[in-house]
Amino acid sequence: MSKKFNFRIWRGDSKSGDFKDVQVEVNEGEVVLDVIHRVQATQMSDLAVRWNCKAGKCGSCSMEINGKPRLACMTRMNSFEEGETVTVTPLRAFPVIRDLVTDVSYNYKKAMEVPAFEPPADLQPGEYRMAQVDVERSQEFRKCIECFLCQNTCHVIRDHEENKESFSGPRFFIRMAELDMHPLDTIKNRKQMAQEEHGLGMCNITKCCTEVCPEHIKITDNAIIPMKERVVDVKYDPLRWLGSKIRKKEGI
Amino acid sequence: MSQAMERYSYDVVVIGAGGAGLRAAVEARQAGLSVAIICKSLFGKAHTVMAEGGAAAAMGNVNDNDGWKVHFRDTMRGGKFLNNWRMAELHAKESPDRIWELESWGALFDRTKEGKISQRNFGGHEYPRLAHVGDRTGLELIRTMQQRIVALQQKDKKEFGDAEKFIKVFSELTITEILKEGDRVSGAYGYWRESGDEVLFESSAVVLATGGVGKSFKITSNSWEGTGDGHALALKAGSALVDMEFVQFHPTGMVWPPSVRGILVTESVRGDGGVLTNSEGRRFMFDYIPEVFKDKYADNEAEADRWYKDQNNNRRPPELLPRDEVARAINSEVKAGRGSPHGGVFLDVSSRLPAEEIKRRLPSMWHQFKELADVDITEEPMEVGPTCHYVMGGVKVDPDTAAAVGVEGLFAAGEVAGGMHGSNRLGGNSLSDLLVFGRRAGAGAAAYVKSLAQKPKVSDGEISRAKNRLNAPFSGTGGENPYTLHQELQNLTQDLVGIIRTESELTDAIVKLDSIRDRSTRVRADGGRAFNPGFHLALDLENMLLVSESIAKSALARKESRGGHTRDDYPKMDSEWRQYNHLSRWNGSKVEVAPEEALMLPKELLELFELDELKKYFTQGELAKGGM
Ligand SMILES: Cc1cc2nc3c(=O)[nH]c(=O)nc-3n(C[C@H](O)[C@H](O)[C@H](O)COP(=O)(O)OP(=O)(O)OC[C@H]3O[C@@H](n4cnc5c(N)ncnc54)[C@H](O)[C@@H]3O)c2cc1C
Ligand code: SF4
Ligand code: SF4
Ligand code: FES
Chain L
654 MSKKFNFRIW RGDSKSGDFK DVQVEVNEGE VVLDVIHRVQ ATQMSDLAVR
704 WNCKAGKCGS CSMEINGKPR LACMTRMNSF EEGETVTVTP LRAFPVIRDL
754 VTDVSYNYKK AMEVPAFEPP ADLQPGEYRM AQVDVERSQE FRKCIECFLC
804 QNTCHVIRDH EENKESFSGP RFFIRMAELD MHPLDTIKNR KQMAQEEHGL
854 GMCNITKCCT EVCPEHIKIT DNAIIPMKER VVDVKYDPLR WLGSKIRKKE
904 GI
Chain R
3 MSQAMERYSY DVVVIGAGGA GLRAAVEARQ AGLSVAIICK SLFGKAHTVM
53 AEGGAAAAMG NVNDNDGWKV HFRDTMRGGK FLNNWRMAEL HAKESPDRIW
103 ELESWGALFD RTKEGKISQR NFGGHEYPRL AHVGDRTGLE LIRTMQQRIV
153 ALQQKDKKEF GDAEKFIKVF SELTITEILK EGDRVSGAYG YWRESGDEVL
203 FESSAVVLAT GGVGKSFKIT SNSWEGTGDG HALALKAGSA LVDMEFVQFH
253 PTGMVWPPSV RGILVTESVR GDGGVLTNSE GRRFMFDYIP EVFKDKYADN
303 EAEADRWYKD QNNNRRPPEL LPRDEVARAI NSEVKAGRGS PHGGVFLDVS
353 SRLPAEEIKR RLPSMWHQFK ELADVDITEE PMEVGPTCHY VMGGVKVDPD
403 TAAAVGVEGL FAAGEVAGGM HGSNRLGGNS LSDLLVFGRR AGAGAAAYVK
453 SLAQKPKVSD GEISRAKNRL NAPFSGTGGE NPYTLHQELQ NLTQDLVGII
503 RTESELTDAI VKLDSIRDRS TRVRADGGRA FNPGFHLALD LENMLLVSES
553 IAKSALARKE SRGGHTRDDY PKMDSEWRQY NHLSRWNGSK VEVAPEEALM
603 LPKELLELFE LDELKKYFTQ GELAKGGM
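Top line first, the protein sequences correspond to chains L and R.
According to my numbering, the residues represented by the first sequence are 654 to 905, in order.
According to my numbering, the residues represented by the second sequence are 3 to 630, in order.
Since the hints were derived computationally from the structure, they do not count as laboratory data.
Glycine is no exception: its CB is placed at the ideal position from the N, C-alpha and C atoms.
Hints may be right or wrong, so weigh each one.
What the hints assert, rightly or not - The calculated DSSO-like cross-link candidates involving lysine-lysine, where the alpha carbons are at most 30 Å apart (straight line), are: (1) L:762 <-> R:514; (2) L:721 <-> R:372; (3) L:796 <-> R:170; (4) R:459 <-> R:514.
Unchecked claim - These stretches of chain R come out as covered by chain L in the derived footprint (C-beta under 8 Å, 3 or more residues): (5) 530-538; (6) 559-568.
As the list claims (entries may be wrong) - Computed footprint of chain L on chain R; a stretch qualifies when at least three of its residues, placed anywhere within it, have a C-beta under 8 Å from a C-beta of chain L: (7) 250-261; (8) 494-508; (9) 595-609.
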C-alpha cells in the first residue's frame, strides 16, 4: 500500500539555496533514502546525495532529517505520520557542496593528525597474542563507520567554525581512545596528546555525540571520560599476560 | 563545450580504493614510487567495507590440520577446477602473511583462547578458516588499509614535509578512459564527481581495482559503485575478460521489504549454526547434496548438528555447501511452491543459539533485520533468497604480476580480475584475494615502471577522444532517460541472464542488449556537470552494457552447468567443458567471445587430490597424461 508524503528538500550550493517541496509516493518498508532516490529518478535527476551500502554499514548517507542528524538509509518512513512533511537538509557543521552533499574534508585532515598504531619493534607479524577481553574495548571504537554524525552534532564545532582548528571532535577522540587501549600500541602519551593537541578539554560531556551514533558506540562514557581521567585507574587496566613487558600507560 | 582540465603525473595510478587498490598502493609506495589512488566514493567507503563474514587464510589457529594445501584443494573444488591453478596456489600460500600483516598495521581481529586470531567456519572450507571481527570484517580490513595509507603519508610528511609527496587520494573522481601510446598505457582520464571538471593522469602503469558488476542486475548485494567500470575499461583498452559467464548469486539476500531486497545476509549465520527451512518446516538442504560432495556433507540432522562441536568425526551440514549449490536449492524450493510468504525460504538461528550469543556473534545482522525489516532474529526466522553478489569473471592477468593480457602497463587485482575463483568463489576467499593480489599488482606495476627506459607519452588525440566521451551525455539528441534504461537493463539481465539460463533466453537477451545500447546513445543528462547523478549514470550505463554483453555471450557459449553458470538446457557438468575458458574482447562495436584452452594442473598439485575425486572433474585423457 503506497502512501503520499510531502518532502521538503534543500537544494543549492555553497553560494545560495532554497527548499523545494515535492509530493512522493512511499511504499511499505521504505526508508528516507528510497524516497530521495525516487525523487531523483522521477522529478529531479540532478539531485545530489551520497550513499553506498544502503544498509547502515558505510556511513555515506548522513544528512539531517527534520533537523536530526541521521543515516537516510536507516530512517524508516513508518517513523513519520502519513501526510507529515519530511524536511531533509545537508549536515550543518560542514560546508555545502551541492544539495545534500557536504564537504567533509575536515574529518580527513583530523585523521591525518592522529599518530598511527606503533607496534613493539621486536614483535613479528604472526606473533601477536592478545586476549579477547583486551581487544574488545578498542573493537567497540573500530565499529565506527565514519558517518561523521557525531562530528556534525557536537556543539563545539556545529556553530563555531573557529573551533575546528583546535578541536578534532568525537570521532577522533574514539580513535585516540582505541589506540590508547590497544594492548600492543607503544605510543605512551596518547591521553595527553588528546588533551593538548586535539582539544579534548573543550568537550564538556554533553553526550550529544553518543546519542546520534548509529553504531551505538558509547563515545562519551567509554572513550571521552576515561581519556579525561588524568590519573590512571587500575580498573581500566586489562588482564594481560604480556603485561609487564609491554606497559604503555603513561606514568607506569 | 570545453571543460577545465587538471593534469597530474604519477608513477602508478591505482583505480579503486577497496582492499585490492589500497594494498596495491601500499606496495608501490614501499617500492619507492609515487601513487595516485582514485575512487568514486569518499575514502573508506568502497564496497569492501560491506564484507561481513571474514577473510580466508589457512593459519591453522583453530584446527591445526589446516594448511595451504587444504585451502588450495577447497578453492579448486569450490571453483569446479576451472580456477587458474597458479592463482589459487599463490592465494592459499600467501593469505596467512597478508592477514598477519594487517595485525601489525593495527587491525583487531576476534581472538582464540590462546590469544591468536580466531577463525570461523564457512561454506566450502574444510576447517574453520575465516579471520573475522564479528560480522564486520570488511570494515576492519578497509579501515586498517586506510589507516596504513595515512601512516605512510604521516611518515612522508615527517621526512619530506609533504604528506602527499608520494601518495595522494583522489576521492569522488571517476575514471572513464585508459590512455595509451601504441600498446602501452600512458595514463588515465576522468572527472571530479563534485564539479564535473576533467582530470588527466599521466602514468606508465595503471592498476585496475574497481570491484564488481552487481549493479547490472536488479536484485544485488552490491552498491551503486558496482557498475563494472574496470571490466569495461580493460575491454576497451584492448585487454580480455575471462570466465564472464560465472556470476555468483549469494543464496541469502534479504527479500522483504522490497526496498531492501538483495541486501546481504552473511553466510556466518549458517557457519554459526543457522539452518534453512521451507514452508513445511523441512531442512531441505539434505535433499540437495550433489554426488561430488556426498562424502563431505552429512545426510542427517543428528550428524550435521554434531559437526559444530566435533569436526573431525562428523560430516558438515549441507547448509554449508558452496554458494551455487545452496542458491539453486533455494530457487528450486521456491519454484516448487514451498517458499516463504515473500518468495524466499526461512533462515533460522533463533532456535539454534541463545539470544545473547546471536547478538554477540552477528551484531550487524541483528541490527539490520531489526531496523530494516522489524524482525528480531533472536526470536524468529529471517526470510532469504538469492541475490547477485560477486563476479568470478574478470580481467585476464598473469598470476604472479597481475599484469593484464594484451596491454603493457595495465594491471588488475581484486574482484575486477578473473581466474582465481574459477566457476564459483568460496566465501571469505575474496578478502584474502584482495590482499594477496593487490600486493602482487602493486609490486608488478612498480617493477614494470622501473624497467621502462622511457615513459610513454599522452597524445592530444588521446585527450580529445576522452573528452568527447565525457561530453556525449550533454550532446546527445536526447529522448532517453538514463534511469529508465538502467532499470530495463537490470530487469533484462535478472530475467534472462540470471541464476538459471537457457539458450532461447540468452539469445533474446543479446538482441535486447543491442537495442538498449542503441538507445543509450540518445541518453541526455539534465542539468549541469556539478555533482549530477544523471550524468554519472549515463556514463556508467555503457560499462554495464559491455559487462552484460560479455556475460550473456559467454553464457550462451558454455553448454553445460558449472558453479555460477546454470543452464536449464544443459543441466550437467561436463568434463569436456572444463578444458575451456571463455575470453571476451571488444572489437570496436561489439563484444566477441572465444574459447581458450584452460590450463591443466601441474603434477605436484594434481597429486594433492585423490584420483577418485579428480575423475569427477577431468576427462580420462587428461588424467592419463597425469598433469602438466
Ligand atoms: C555485502 C557483501 C558482503 C561480502 N562479504 C564478504 C566476506 O565476508 N568475505 C569475502 O571474502 N568477501 C566478501 N564479499 C566480497 C568482497 O567484499 C568484494 O569482492 C571485495 O570487497 C571487492 O574488493 P575490491 O578491492 O576488488 O573492490 P571494491 O571494494 O569494490 O572497491 C572498488 C573501488 O573502485 C573504485 N572505482 C570503481 N570504478 C571506478 C572508476 N571508474 N573510477 C574511479 N574509481 C572507481 C570504487 O570507488 C572503489 O573505491 C562481500 C561482498 C558484499 C557485497
Ligand atoms: S560530549 Fe563532547 S564531543 Fe560529544 S558532543 Fe558533547 S561536547 Fe562534543
Ligand atoms: S563514532 Fe558513531 S557517529 Fe561518530 S562517525 Fe563513528 S559511527 Fe558515526
Ligand atoms: S548508504 Fe551506507 S550507511 Fe547509508
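For the region 494-508 of chain R, do three or more residues have a beta carbon lying closer than 8 Å to a beta carbon of chain L?
violated (count 0)
For residue 459 of chain R and residue 514 of chain R, compute the direct alpha-carbon distance and say whether it is at most 30 Å.
Outside the cut-off at roughly 40 Å; violated.
Checking C-beta pairs, does the region 530-538 of chain R have three or more residues closer than 8 Å to chain L?
holds (count 7)
Regarding the pair residue 721 of chain L and residue 372 of chain R, is the alpha-carbon distance no greater than 30 Å?
holds (21 Å)
Proximity test - 8 Å, beta-carbon atoms, the region 559-568 of chain R to chain L, at least three hits:
That given contact is violated, which follows from only 0 residues of the region 559-568 of chain R lying within Cβ reach (below 8 Å) of chain L.
Is the hinted pair residue 796 of chain L and residue 170 of chain R satisfied, with a Cα-Cα distance of at most 30 Å?
Holds, at roughly 26 Å.
Next pair to validate is residue 762 of chain L with residue 514 of chain R; report whether the Cα-Cα distance is within 30 Å.
Violated, at about 48 Å.
If you look at each residue in the region 595-609 of chain R, do at least three have a Cβ nearer than 8 Å to any Cβ of chain L?
violated (count 0)
Taking a Cβ-to-Cβ distance below 8 Å as contact, does the region 250-261 of chain R have at least three residues touching chain L?
Coverage by chain L holds for the region 250-261 of chain R (4 residues, Cβ < 8 Å).
Hint compliance for this structure: hints 1, 4, 6, 8, 9 are broken, all remaining hints hold.
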